[in-house]
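**Student:** Given next are the chains, with one letter for each unit.
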Amino acid sequence: MSKTFKLDGREIPFETGQTIMDAALAAGVYIPHLCHNPEFAPHGSCRVCLVDIGGRQVSACTAAASEGMEVDSCSESIQETRRAILQMLFVEGNHVCPACEKSGACQLQAVAYYTGMLAPHFTHFFPRRPVDASHSDVIIDFNRCILCELCVRASRDHDGKRVFAISGRGLDSHLVIDSPSGLLGDSSFAAGDKAAHVCPTGAILPKGRGYETPIGERLYDREPISIVGDVRAHEEEVV
Amino acid sequence: MNVSAAVTVEGFVAESLATHGRDPRHLLQHLIRVQQRFSYVPDAAVEALSAALDVTRTQVRAAIAFYAFLHERPRGAFEIRFSDNITDRMLGSRRLIRLLIERLGLMGLPAWGRDLIRSDGRVSVGLASCTGMCDQGPALLINGQAVTNLDAQRVDRIADLVQEGIPLDRWPGEFFRVENNIRRRGLLLGNPATDGAALRRLLDEGADAALAEVERSGLRGRGGAGFTTALKWRFCREAPGTDRYVVCNADEGEPGTFKDRVLLTDYADLVIEGMTVCAGVIGARRGFLYLRGEYLYLLPHLESVLQRRRAEGLLGARILGRDGFDFDIEIHLGAGAYICGEESALIESLEGKRGVTRKRPPFPVTSGFDDQPTVVNNVETFLAAARVVQWGGYWLRGEGTDQSAGSKILSVSGDCARPGIYEYPFGTPVHRVLSDCGAENTQAVQISGAAGATLSPADFDRIIAFEDLPTAGSFMIFDDSRDLLDMVRNFAAFFAHESCGFCTPCRVGGALLRNLVEKVVAGQGSEYDLSEIRHIGAVMRQASYCGLGHTAPNHVLNTLDKFPSIYRRRLAREAHTPSFDLDAALSEARGIAGRNDPGAHIHALSGETA
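Here the protein sequences line up with chains P and R, keeping their order.
Position 103 of the first sequence, counting from 1, maps to 103 under UniProt numbering, and the rest follow consecutively.
Position 274 of the second sequence, counting from 1, maps to 274 under UniProt numbering, and the rest follow consecutively.
Only chain P is shown next, with the shape it has when bound in the complex (with noise of 0.2 Å):
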């Protein structure tokens, strides 16, 4: 007999080793994530997978699931607490939704809209981020990158090219390429890798592509996020 938890009161079953993010995925359990991606080991940065075991609050990504825990998901101060989250991220790069080609088809918005975020609420930090458009196939905007460093391991760890690192600290941290003048263009980066299709928001784009899909009519237009999951998943549709 296999071993099971409680998700908001749902039995999840699950094998010895597995995250509660595991679990839930493989139970077909939406609960709300921006820096996991089970191709890769669980990352645990970006604090929007956050659940509540007892009043100890762990993201469900790092958390190994065991017998006859109860999780909660989905009360309203675990929410409060993602909006906050996913707030913070809003307002520390410039994301600006009606003119970004990702809209509709980006997971830092769906979650959003799930959490039911309707605005940024703190002060935006507006930092001076450029773009990086030296690639032949493929334009790098700063300004909507979260530090999930889903682009970090999937060069590091599935292209075996260690393109991107994460520099600095704390606000100051930010994403760096690795080629002699620090530009996309002069890396080993190619349009086929791993690393190009993995991004959640509109951080990195294909070139000489836009509104293929009228906005209305995107991915998380159509259905939110909790339903049809990752964008990575939907990419045919959605580029």
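Each hint should be verified, as a subset may be incorrect.
Where chain R lies over chain P, by a calculated footprint (3+ residues, C-beta under 8 Å) [claimed, not checked]:
1) 37-48
2) 81-92
3) 119-125
These are computed hints drawn from the structure, not numbers from a lab.
Note that the Cβ used here is the ideal one computed from N, Cα and C, for glycine as well.
Model the placement of chain R on the given structure of chain P, informed by the hints.
**Tutor:** Showing chain R alone in chain P's frame:
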């Protein structure tokens, strides 16, 4: 400083690689040497290290940008960093910074991440987080060396020496004198002498017996968290692994703490003996002492103690002649990162990387340095462990409380007649410490550093013990002449500066908190801002990835509860006051339009509509 033209960057890196090896885990140590030699890490060094160590140049640059004492662009030949803890400020450091800036012909004031660099490259002035000289501040670091007891006269002289270009080794020796200031000795400080007795007892009676003594003593980690030491050693000993490591956490970064500096100065033998005993118990052959960069001046002393112990057969191969008992210690330097006091971040840093906390579990006892079982203990813990093995567990049990055996060494600073090191049995009330150090009219005590708790006089009967007031040893005193908001402001800036940036709540929340505190200080705050501070603080406590983020809002949440008046008296009357001055922002537009009539001003407009 004094870069001779003969030594090229490439040549220096090649020599460093030849002497210290090409293990990628030595990256940070190579970078620190390059920084010390050239006052920055030139591109040529980045390229050379990247090629030799099989790390990308981006990883090298990322490490430089992470550690506050490493720079990609040149600093002055004399690189000056003022310690910017609240205790330095209380002793007048801000005035002295302005004085030095003026004397050196620099403009403006240094801030976190913004050093003032003179155009001739002779000198730069910046800030450092607490450098651990709180009992003899204000203090600064010059080319990494600690200067204490600053006053106007000393700052004047420093300006002269810099102008004349006198090398540091010809500066007056008293500038660099660091006092121990031990005011009260107890179980640990009573006797610094050791002749390897703990090691002999370990060899005579065996590792099991030694571990049983540590168990019997009830010794708990002195770094603040209070994990049972014997349990940590046992877990590590029993964990599967090919190698085991002993790490001494000498990254004493908690603002207001300086007792490890004293222990490493006068009790280094005992600390190293404790590490060696631990190695004997868990079966480790290699150990590291991670020394915070601020204590660079202690490096030659510590190296000489290690060397002497090797010569005495107390360290190295065949310790005390016992076949198979081989253990040696390497000293690794930190480079200005508070987060590296957290054990898993410290291990990342030991491995040459940015000091970002690891996911736990697995804990270092099963997967630490090089993913092998690793014991990380505080300096004071190793010292106590050496004595416990030498004198037995009951010796420690003889003092303290049920849950807190033995004594605690406190670093006392701030408003008192006799700042310094005080050792007390656990269970000692706060008021006893205050009367012993000559504190009067005490308004508040900040215990266990910036991440700790703010105590008001209602708390002064509480006791120092894991069951009441756990502390890593920092004890900062504020008398009733102080505005506690200055402390809050200092700590808020500290945490924003020291957040590693990995998780959202600490990275962004810390910066938001700092900005809101500044808004209140500027007299633009409202009740709404105070509730925002509480809201952000709660999110950081709840949702952060590691202890830094969990504890970073403590100071502001504690003071909001216990000292609400320090905020209230600064509040503007309205429920909401914007920090943004809309009218001032329109001045450029007015200039272009050539208007300055009342209709071109926002106040006038709002007056009309009100």
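**Student:** Work down the list of hints and note, for each, if the structure agrees.
**Tutor:** Here is how each hint holds up against the structure:
no.: 1; hint: 37-48; verdict: holds (count 6)
no.: 2; hint: 81-92; verdict: holds (count 7)
no.: 3; hint: 119-125; verdict: holds (count 3)
Hint compliance for this structure: every hint is met.
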